[in-house]
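Peer 1: For reference, the chains in residue letters:
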Amino acid sequence: GENVEQHPSTLSVQEGDSAVIKCTYSDSASNYFPWYKQELGKRPQLIIDIRSNVGEKKDQRIAVTLNKTAKHFSLHITETQPEDSAVYFCAASKGGSYIPTFGRGTSLIVHP
Amino acid sequence: GAVVSQHPSWVICKSGTSVKIECRSLDFQATTMFWYRQFPKQSLMLMATSNEGSKATYEQGVEKDKFLINHASLTLSTLTVTSAHPEDSSFYICSAPRGGEIYEQYFGPGTRLTVT
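One line per chain: the protein sequences are A and B, in this order.
Going by the numbering used here, the first sequence opens with residue 66, and the numbers climb by one from there.
Going by the numbering used here, the second sequence opens with residue 85, and the numbers climb by one from there.
It cannot be assumed that every hint is accurate.
In silico SDA-like links for lysine to any residue, alpha-carbon gap of 25 Å or less [claimed, not checked]:
no.	chain 1	residue 1	chain 2	residue 2
1	B	K125	A	A135
2	A	K107	B	T159
3	A	K102	B	R182
4	B	K125	A	H72
5	B	K125	A	I164
6	B	K125	A	Q79
7	A	K102	B	F112
8	A	K102	B	Q126
9	B	K139	A	K107
10	A	K123	B	R182
11	B	K139	B	P92
12	A	K123	B	A86
13	A	K107	B	Q113
14	A	K107	B	F151
15	B	K125	A	E70
16	A	K159	B	Y142
17	A	K87	A	A128
18	B	K125	A	S77
19	A	K107	B	R108
20	B	K125	A	S91
21	A	K102	B	S157
22	A	K107	B	T162
23	B	K104	A	R108
24	B	K98	A	G106
Label pairs and their in silico Cβ distance ranges [as the list claims (entries may be wrong)]:
no.	chain 1	residue 1	chain 2	residue 2	range
25	B	K148	A	P147	38 to 48 Å
26	A	K122	B	S167	39 to 49 Å
27	A	E144	B	T164	37 to 47 Å
28	B	D111	A	E104	19 to 29 Å
29	A	P147	B	L158	33 to 43 Å
30	B	T164	A	G106	37 to 47 Å
31	A	R116	B	K98	39 to 49 Å
32	A	E148	B	K98	31 to 41 Å
33	B	S102	A	V85	38 to 48 Å
34	B	K98	A	G106	21 to 31 Å
35	A	D124	B	D149	40 to 50 Å
36	A	K122	B	T115	26 to 36 Å
37	B	T200	A	N132	47 to 57 Å
Worth flagging that the hints you see were computed from the coordinates, not collected in a lab.
Note that the coordinates shown come from a computational prediction; the quantities given were computed from them, not determined experimentally.
Where is the CB? At the ideal position from N, CA and C, for every residue including glycine.
Just chain B, same shape as in the assembly (with noise of 0.2 Å):
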């Protein structure tokens, strides 16, 4: 199956400082790309939608100011947390659609990011 790389797999950052997180698709091409928050024993949010190209689509109550996301690439997404604060600690995940008339997802192994 298709394999979606994430970047890093735990980070630990200060309150107030910014992180990046990266979600690479390893064997196909992703123009479109999902992140998703995941709190403990809860299901997960949608945040965004990434677009290749293009800026991306955030979901109601997400700032996007806070949460920047750059799809530079057909391969590569990027998440970045900015002034950190350790409400937003929590699992981050994306997932790329592999395209055509398949509509399965395939997630990144995740992100724990804990601020302190």
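Pulled out of the complex, with its shape left as it was, chain A reads as follows (with noise of 0.2 Å):
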């Protein structure tokens, strides 16, 4: 099956600075990529996602890039704020299947 696998797992940062996550898949067959931003006690909230056909999605202050070759992507946040500070984890899917395999999560803190 699947494999996630997620770098850092904690990340700490100054409020403007940039943070980057990355995450590699095995399963060649994945082609959609979403991250999840998760706040203490609450539910994953979906803040971008991509598939396979796209090389790079942005949405304002945050981008997501793939590289299908070397089967990674990452997530970009610049100009961090303290409200940023969470867990975010990414995750692959195939088409077709719903359940996408998830990493295993990196807390970011985002110090003013």
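The two chains are supplied separately, each in an independent frame; assemble them into the complex guided by the hints.
Peer 2: If you want it as structure tokens, here you go:
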């Protein structure tokens, strides 16, 4: 089955800095890669996603890049703010199947 | 966006009792729903796939007789933790895909279960 590795497990940055979280996947058939943000005790919220036919996608301060050849994708957050502090999960899933395989999560801490 | 609700949001029960958690899709129909378990500071672990009108599919290592899943309608799935023990204490989250070409899953707010 699919295996998703996520790094780092913890990321601490100063407000205004950029943050990058990286994930790799094992199944070349995976074609959908969402990123979720989860605040303590709350549900995961989709913040951005990318399909395998696209190499990069941007939404304001967040962007995701995908390298299908290397089977890795990354989340980039620019101009970080304290409210960006949360746990971020990457995931990968195949076409026709809605079940994503989640990475272990990255705890992002943005210091004011 | 689509809305998925869960009830209760938190529950405390005694060892040996059973607890039922409901997951509802409020503005769309979901033939499939997923149940996850999340321990503190850990990732979401898929427990089972709930299928409307048929038996649930359980992930390896998940006891189907302990975690009973019923998907009685296109908008409701229930997870019953039977004979709960302290080690069952966890955050349980359901999710539902809205279907079509959209692979996005919509998560419920989660249920915090504490077994004393």
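Peer 1: Should the hint that E148(A) and K98(B) are 31 to 41 Å apart at their CB atoms be regarded as holding?
Peer 2: holds, 39 Å
Peer 1: At the C-beta level, are K98(B) and G106(A) separated by a distance inside 21 to 31 Å?
Peer 2: The hint (21 to 31 Å, Cβ to Cβ) holds, given that K98(B) and G106(A) are roughly 23 Å apart.
Peer 1: Quickly compare the C-alpha distance for K104(B) and R108(A) to 25 Å and report which way the hint goes.
Peer 2: holds, 19 Å
Peer 1: Within a Cα-Cα threshold of 25 Å, do K125(B) and E70(A) meet the stated pairing?
Peer 2: Holds, at about 16 Å.
Peer 1: Check the following: the C-beta atoms of R116(A) and K98(B) are separated by a distance inside 39 to 49 Å.
Peer 2: This hint holds: roughly 47 Å between Cβ atoms.
Peer 1: Does S157(B) lie within 25 Å of K102(A) when you go C-alpha to C-alpha?
Peer 2: It is violated: about 29 Å lies between the C-alpha atoms, which goes past 25 Å.
Peer 1: Just to be careful, I want the Cα atoms of K107(A) and T159(B) compared with a cutoff of 25 Å; is the pair within it?
Peer 2: Holds: K107(A) and T159(B) sit about 21 Å apart, inside 25 Å.
Peer 1: If you draw a straight line from the CA of K87(A) to the CA of A128(A), is it 25 Å or shorter?
Peer 2: holds, 12 Å
Peer 1: Is it true that the CA of K125(B) sits at most 25 Å from the CA of I164(A)?
Peer 2: holds, 21 Å
Peer 1: Could you say whether the range 26 to 36 Å given as a hint is met by the Cβ separation of K122(A) and T115(B)?
Peer 2: holds, 29 Å
Peer 1: Falls inside 37 to 47 Å, the C-beta gap from T164(B) to G106(A)?
Peer 2: With a Cβ separation near 23 Å, T164(B) and G106(A) fall outside 37 to 47 Å, so the hint is violated.
Peer 1: Quick one, are K102(A) and F112(B) close enough, alpha carbons at most 25 Å?
Peer 2: Between K102(A) and F112(B) the Cα gap is close to 23 Å, so the pair holds against 25 Å.
Comparing the model with each numbered hint stated earlier shows that hints 1, 9, 21 and 30 do not hold.
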